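Peer 1: Take 1 as the starting number for the sequence shown in full-length UniProt numbering and just add one per residue.
Derived from the structure by calculation, the hints contain no laboratory data. Just so it is clear, the structure is predicted and the values come from calculations on it, not from any experiment. Note that beta-carbon positions come from the ideal geometry of N, C-alpha and C, so glycine has one too. Among the hints, a few may not be true.
[Claimed, not checked] Taking lysine-lysine pairs in the PhoX-like style, the calculated list, with each CA pair at most 25 Å apart, reads:
{"id": "1", "residue 1": "K54", "residue 2": "K33"}
{"id": "2", "residue 1": "K135", "residue 2": "K223"}
{"id": "3", "residue 1": "K76", "residue 2": "K66"}
[Unchecked claim] Each pair of labels, with its calculated beta carbon distance range:
{"id": "4", "residue 1": "G196", "residue 2": "K139", "range": "19 to 25 Å"}
{"id": "5", "residue 1": "T154", "residue 2": "Q190", "range": "28 to 34 Å"}
{"id": "6", "residue 1": "K14", "residue 2": "V229", "range": "39 to 45 Å"}
{"id": "7", "residue 1": "E7", "residue 2": "S205", "range": "27 to 33 Å"}
{"id": "8", "residue 1": "P213", "residue 2": "E144", "range": "22 to 28 Å"}
{"id": "9", "residue 1": "N5", "residue 2": "G48", "range": "30 to 36 Å"}
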Amino acid sequence: MQLLNEEVRDFTRKKFEAELQNPVHLVYFQKEKSPLIVPGREVQEDCGFCPETKQLLEELAGLSDKIKLTVYDFEKEPARAAEFRVDKVPAIVVMGEKDAGIRFFGIPSGYEFMSLLEAIVDVSRGETELTEETKTALKKLTKEVNIQVFVTPTCPYCPVAVRLGHQMALESPLVRAAMVEATEFPELTQKYEVFGVPKTIFNDSLSLEGAVPEEMFLEQVLKAGGQEVH
Numbered sequence: 001m002q003l004l005n006e007e008v009r010d011f012t013r014k015k016f017e018a019e020l021q022n023p024v025h026l027v028y029f030q031k032e033k034s035p036l037i038v039p040g041r042e043v044q045e046d047c048g049f050c051p052e053t054k055q056l057l058e059e060l061a062g063l064s065d066k067i068k069l070t071v072y073d074f075e076k077e078p079a080r081a082a083e084f085r086v087d088k089v090p091a092i093v094v095m096g097e098k099d100a101g102i103r104f105f106g107i108p109s110g111y112e113f114m115s116l117l118e119a120i121v122d123v124s125r126g127e128t129e130l131t132e133e134t135k136t137a138l139k140k141l142t143k144e145v146n147i148q149v150f151v152t153p154t155c156p157y158c159p160v161a162v163r164l165g166h167q168m169a170l171e172s173p174l175v176r177a178a179m180v181e182a183t184e185f186p187e188l189t190q191k192y193e194v195f196g197v198p199k200t201i202f203n204d205s206l207s208l209e210g211a212v213p214e215e216m217f218l219e220q221v222l223k224a225g226g227q228e229v230h
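Make the full structure from the sequences, and use the hints.
Peer 2: This is the structure in structure tokens:
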């Protein structure tokens with residue numbers, strides 16, 4: 001059964017036809033279902049949403065000849081996972097000719113489906129809608145910044161934070177940004193004390209709660225990157 005209904009497929013196809021410029025490569029990491037059965041315990045999927053995430057990407061790739069999908073097994077191909085700095089699954093890398101550090105950890109469903117579409121379009125066009133002031137400020141970074149935006153599929157404000165992170169990653173080779181689906185990674189949710197979403201973590205040291213303006217988001221990126229903010 002298809003995950004995307006005809007209305008969504010038609011919308012997505014038209015969006016891709018109108019907005020995609022250059023080829024986009026979706027690199028997907030998953031874990032296969034474990035064949036081991038433990039007596040007295042239910043058989044559980046090693047990666048609960050891996051099959052659905054793969055199907056979603058296959059359906060998306062089928063809507064445009066500009067989108068290529070490559071699938072890797074996280075456990076069987078650790079060198080590939082290390083190359084793309086993927087440490088959990090399901091994981092999606094959205095890249096063009098180069099890897100800009102744009103990631104999705106967990107299935108991008110609900111409101112996050114649009115975050116995935118916008119990331120694909122931004123990468124294809126090779127440009128963002130960030131202000132010139134933000135672009136200039138990002139060029140001053142001298143230290144790598146890792147952004148994690150914790151979300152849930154039902155959060156209408158989360159895509160704003162996710163896209164800000166992804167666009168800053170596209171603008172700066174020193175910025176990496178990931179959507180992290182909070183309910184799929186409870187250990188991370190606990191570690192970073194995520195009690196509400198979106199919650200954005202910068203280099204494990206700084207955080208923001210809620211959807212904030214571009215200037216405020218940038219301020220945390222610059223601080224995490226070792227820049228003085230006036």
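Peer 1: Return the numbers of the hints above that this structure violates; sort them in rising order.
Peer 2: 3, 4, 5, 7 and 9
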